[in-house]
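So the protein lines, in turn, are chains A and B. Under the numbering used here, the first residue of the first sequence is numbered 1, with each subsequent residue one higher. Under the numbering used here, the first residue of the second sequence is numbered 1, with each subsequent residue one higher.
Hints in this document: simulated from the structure, not taken from any laboratory. Just so you know, even glycine gets a beta-carbon here, dropped at the ideal spot from N, CA and C. The reader is advised that the hints may include incorrect statements.
[Said to hold, decoys possible] Once the Cα atoms are required to be at most 25 Å apart in a straight line, the calculated SDA-like pairs of lysine to any residue come out as:
(1) K310(B) x K107(A)
(2) K40(B) x L254(B)
(3) K328(B) x G377(B)
(4) K234(B) x N229(A)
(5) K107(A) x A124(A)
(6) K328(B) x N229(A)
(7) K225(B) x A124(A)
(8) K228(A) x E306(B)
(9) K310(A) x E306(B)
(10) K52(B) x P127(B)
(11) K234(A) x S222(A)
(12) K87(B) x L254(B)
[Claimed, not checked] Facing chain A, a subset of chain B residues (Cβ under 7 Å, in silico):
(13) L6
(14) S8
(15) P15
(16) A21
(17) P25
(18) S60
(19) S61
(20) G77
(21) P195
(22) P209
(23) V210
(24) S214
(25) F237
(26) G329
[What the hints assert, rightly or not] Some residues of chain B that are not near chain A, with every Cβ distance over 10 Å (derived):
(27) V4
(28) A321
(29) L346
2 protein chains.
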Amino acid sequence: MKKVTLLSPGPTPVPQRVLLAMAQPLIHHRAPDFAGIFQKVRDGLKMVYETKSEVLVYSSSGTGAMESAVVNLLSPGDKAIFVNGGKFGERWGSLLRAYGCQPLEIKVPWGYAADPAQAAALLAQDPSIKAVYVQALETSTGVEHPVEELARVCRKSNALLVVDAVSCLAATRLPMDAWGIDVMVGGSQKALMLPPGLAFVGIGPRALPVMKESRLPKFYFSWDKEIKNQRENKGAFTSAVSMFFGLIDVFEMLREYGMDKVYAETALRARAFGAAMEAWGLKSYARQNPSPALTAVECPSGIDGEAVVKWLRGKYGIFIAGGQDEAKGRIFRVAHMGYITEFDTLQAVSAIEMALHGLGYDFNMGSGVAAAQQVFGED
Amino acid sequence: MKKVTLLSPGPTPVPQRVLLAMAQPLIHHRAPDFAGIFQKVRDGLKMVYETKSEVLVYSSSGTGAMESAVVNLLSPGDKAIFVNGGKFGERWGSLLRAYGCQPLEIKVPWGYAADPAQAAALLAQDPSIKAVYVQALETSTGVEHPVEELARVCRKSNALLVVDAVSCLAATRLPMDAWGIDVMVGGSQKALMLPPGLAFVGIGPRALPVMKESRLPKFYFSWDKEIKNQRENKGAFTSAVSMFFGLIDVFEMLREYGMDKVYAETALRARAFGAAMEAWGLKSYARQNPSPALTAVECPSGIDGEAVVKWLRGKYGIFIAGGQDEAKGRIFRVAHMGYITEFDTLQAVSAIEMALHGLGYDFNMGSGVAAAQQVFGED
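Can you build the whole structure from these sequences, using the hints too?
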C-alpha cells in the first residue's frame, strides 16, 4: 500500500491532531461557546499577519478573498495596477475586468519578479490609480514579488497595496503592519496546515476609508458586514465550525513551535532541496527571488514535467504539482511549507531522482539526496 | 461531563463515520484521483435534487450560493419578485438591492406561507419580471412555502423560480425536475449531515439561456466558469477536499438507507415532537405549512424563548435555536432533520419539559415525553 504524501504547493499535509480536532462534535455557530473559538481564531490570525488590524475569515477558497479585495475597494471604472507574472497575477486582471475596473498591467515574464520602479513610475504619472494588486508568491512560478518595496512605493502615493499571500502566509514572514501592507489575503490550505475551505483578509487602516467609498456591488464578500460581525466574534453568515476547531489547534502548534523557527525551517528545506537540484544539474524556474515556500524545477530538455508528476503519484503516492499554462510540461513544483519535515523533503528528492532516472535523464543517482542531507546535517 | 447534542436547525450532528472520513489524509484537488471523488459528489447531489441538471458545488456558506442565483441570472435594473416571510426571505431582498436590481416584495407575515396567486397576479401584470426568489423552508419561522405551486405559476410565465432549499434539502422531498424548479440552492450543514462550508446550486434548463444574458458582475460565483470545470469533475478554484471526502460518505449512507425512509423518519420525528408540543398546550409558530425539518415552538406568555435555549445549553449541553428579529424571545426552534434519532427527539422533548418547568410554566411533567413516545410506538 502507498502512503499519501502531499508535497504540492497546496493543499499541504494536515497534522493528525488537527484532523482529529476538526472531527470533534460540532457546536452551534451562534452559541456563546463559539464566540471564544472565534476570538482565538482572530488572535491567531493577527499573530501570523503581525498586525493590529482586523483579519476577516471567509468560507471560500483564496480566490473569494481576492475578489473581496476588489469589490470592497473599487468603484466601476477605477484604475488599478496589477502585477502579472503568472497564473495568479493574471487572476487579479480577470477580477478587475469582471467588475468593470480599468486594470493597468505590469507584465512580468514568467519566472521573474516585478520591478517596484515600474509601479512607482505608473503611480507618479497617474494619481487617480486606486490600488496595486500583487502576489507575495506567484505560485505558478515560485517567484516572490518584492512586497516590502512595493509597500514603500504605494505609501508615497494614494494607492493601496493589496497582497495575495495565499500560498506563502506562515511560510515566509510578511509583517503586515511593519511593512505597511494595506490588504493581505490568505488561505487555509497552505502553510496554515488545514484543508482548503477558509480564506482570510487583513484590512489595514489606510484601506478602511477607501472601503467606505467603494461602489462595486457586494454582499457575501462585504467587508463592512463582516467587520461589524467578526469584531463581536461571529460571522455574518454560518461559520465553518469544524475548520475553526482545526484552526485554533494550528495556532497553538505555531505558537508552541515559534513562528521564527517555522520560517527558518521552511527556508532550510528549500535550501536542501535547492542543493539537490544543483547536484542534478538543474535550475529553478524562478530566475529571480525564488520562494522558500516552494521550488519550481525546470526540467532537463527531453523530460516532460507532467511525466515526473505522474511518476511520483502513480508509483509512490506522492503528490507534487506540474506547471500551468506556458510552464506546463516544462517544470514541476515541490512545496517546502507547512507540516513537512526534512525527511519529507528527502523523500521528495529521492522520488524525483528515481523518476528522472526512469525517464532517461543522465545524472549521478543519489547525488541529490547526498547534497540535501549535507545541508540538513550542517544545520 | 456534558455530551454535546446538536438539535439546532443547522449545523446538525455529523455522523462519526463522516467526521472520520473527513479526517483522511488530503490528496491534491487537481490529481486524477480527485476527479473520481468529484464525480461521486455530482452524482450524489443529482440523486438528492432528483435532477438531471448540473448541481454545482461552492466553497461558501449557503448565502454565497444564494448570491450566485442573483448575479448569474439578472442584469442591473432587472425586476424580480422575492417572498419575504422571515429572515431568509429578507436576505433575497438585500441581495437584489445590493446588486442594483428592482425587488418586488411579496410580504408574508412571519409564521405564514406565500400565496402563489399573489405571485401569479404580479407575473401576469408585468411580463418583464425575470425571476421569483423564495425559500422552500423559511428557517426563521419553520414555514414551508408552496414551492410546487410556485413552480407551476412560474412555468406559465417568463419568470424563473429560484428556491433556497438550504435548510430542508434531504429533509423533505424537493424533486427539482418533476416540480420544474429552475434553480435550487442547498447547503452542507443541514440534512446533508456535514459541517458548514459547502453550498450547492442546481441549475435547470430554463435557467441556462437566462444565465447567458445576465450582465451582473461575478467571478468567484460565476456559474459559467464552474459549469465548464465541474462537468470535467474539477472546481474552477481549489475544492474543499476534506468536505468532499465527507460528502461521498454521506451519499453512501443516504443511498443505503433510502431517501424515502429518510424523509419518512424526519416527518415522524416532527409528528412526535408536535404531539409533545400539543401535550404541553403549546402551538407551532408556523400557522401554515409547518415543516417537518424543524419546529418553531411559540413560548407560553411570560416565558422567554432565549431562556429556554440557554437552559438547554447551560444545563445539558443541548443546542437548540431561539428566534430571530421579531420572533426573538417568542419562540425556540428544534430540528428534526439529518443525523437525529427518535431518542434525540425524546431527549429534546424531555429537556424542554424540564426547562419549561424550571422557568415556571404550569403543565404536566412527562406529558410531552409520553405523547411523543406514543407516536414513535405506533410507527
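Okay, the hints, checked on the actual structure:
1. K310(B) x K107(A): violated, 57 Å
2. K40(B) x L254(B): holds, 13 Å
3. K328(B) x G377(B): With Cα atoms ~34 Å apart, K328(B) and G377(B) exceed 25 Å; violated.
4. K234(B) x N229(A): violated, 33 Å
5. K107(A) x A124(A): holds, 18 Å
6. K328(B) x N229(A): holds, 18 Å
7. K225(B) x A124(A): Violated, at about 37 Å.
8. K228(A) x E306(B): holds, 23 Å
9. K310(A) x E306(B): violated, 57 Å
10. K52(B) x P127(B): Judged against 25 Å, a Cα distance of about 28 Å means the pair is violated.
11. K234(A) x S222(A): holds, 15 Å
12. K87(B) x L254(B): violated, 30 Å
13. L6: holds, 6 Å
14. S8: Since chain A brings a Cβ to about 5 Å from S8(B), closer than 7 Å, the hint holds.
15. P15: violated, 11 Å
16. A21: With Cβ-Cβ at 9 Å, over 7 Å, it is violated.
17. P25: With Cβ-Cβ at 4 Å, under 7 Å, it holds.
18. S60: With Cβ-Cβ at 5 Å, under 7 Å, it holds.
19. S61: Cβ of S61(B) sits 4 Å from chain A, so the hint holds.
20. G77: Violated, about 12 Å.
21. P195: At about 4 Å, which falls below the 7 Å cut-off, the nearest Cβ of chain A leaves the hint on P195(B) intact, so it holds.
22. P209: Hint on P209(B): violated, closest Cβ of chain A at ~21 Å, above 7 Å.
23. V210: Check failed: Cβ of V210(B) comes no nearer than 19 Å to chain A, outside 7 Å.
24. S214: violated, 13 Å
25. F237: holds, 4 Å
26. G329: violated, 15 Å
27. V4: Label violated. Min Cβ-Cβ 4 Å, cutoff 10 Å.
28. A321: Violated, since 7 Å does not exceed 10 Å.
29. L346: holds, 19 Å
In the structure shown, a violation is registered for the earlier hints numbered 1, 3, 4, 7, 9, 10, 12, 15, 16, 20, 22, 23, 24, 26, 27 and 28, in ascending order.
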